[in-house]
Amino acid sequence: MDKIRYFLKDLKQEINKVSWPNKKLVQKASISVIIFSLFFGIYLWVVDLAFTRIIHFLLSLRGS
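Throughout the sequence shown, residue numbering follows our numbering, covering 132 to 195 in sequence.
Bear in mind the hints are in silico, worked out from the structure with no lab data behind them. Where hints are given, some of them may not hold.
Said to hold, decoys possible - Pair ranges (Cβ atoms, derived): (1) R136 / V177: 51 to 61 Å; (2) Q158 / M132: 38 to 48 Å; (3) S150 / G172: 30 to 40 Å; (4) E145 / I185: 49 to 59 Å; (5) I185 / Q158: 33 to 43 Å; (6) I186 / L142: 48 to 58 Å.
Every residue, glycine too, gets a C-beta built ideally from N, C-alpha and C.
Work out the full structure: start from the sequences and follow the hints.
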């Protein structure tokens with residue numbers, strides 16, 4: 132039981148040392164993640180579309 136009490140006391144001390152981000156920083160980081168995710172998602176969609184068309188083209192050449 133002493134180990135649990137020591138652990139919780141130590142945990143509380145460590146949490147008090149954490150510097151939590153303010154609201155403005157969280158908003159900026161969230162917007163950055165959303166923009167990056169959209170950009171990367173669109174990029175992967177375009178690459179997938181290109182590879183799909185290339186493969187369909189190559190398969191149509193083989194079938195002729």
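Hint by hint, where does the structure go against what was stated? Just the numbers, ascending. none
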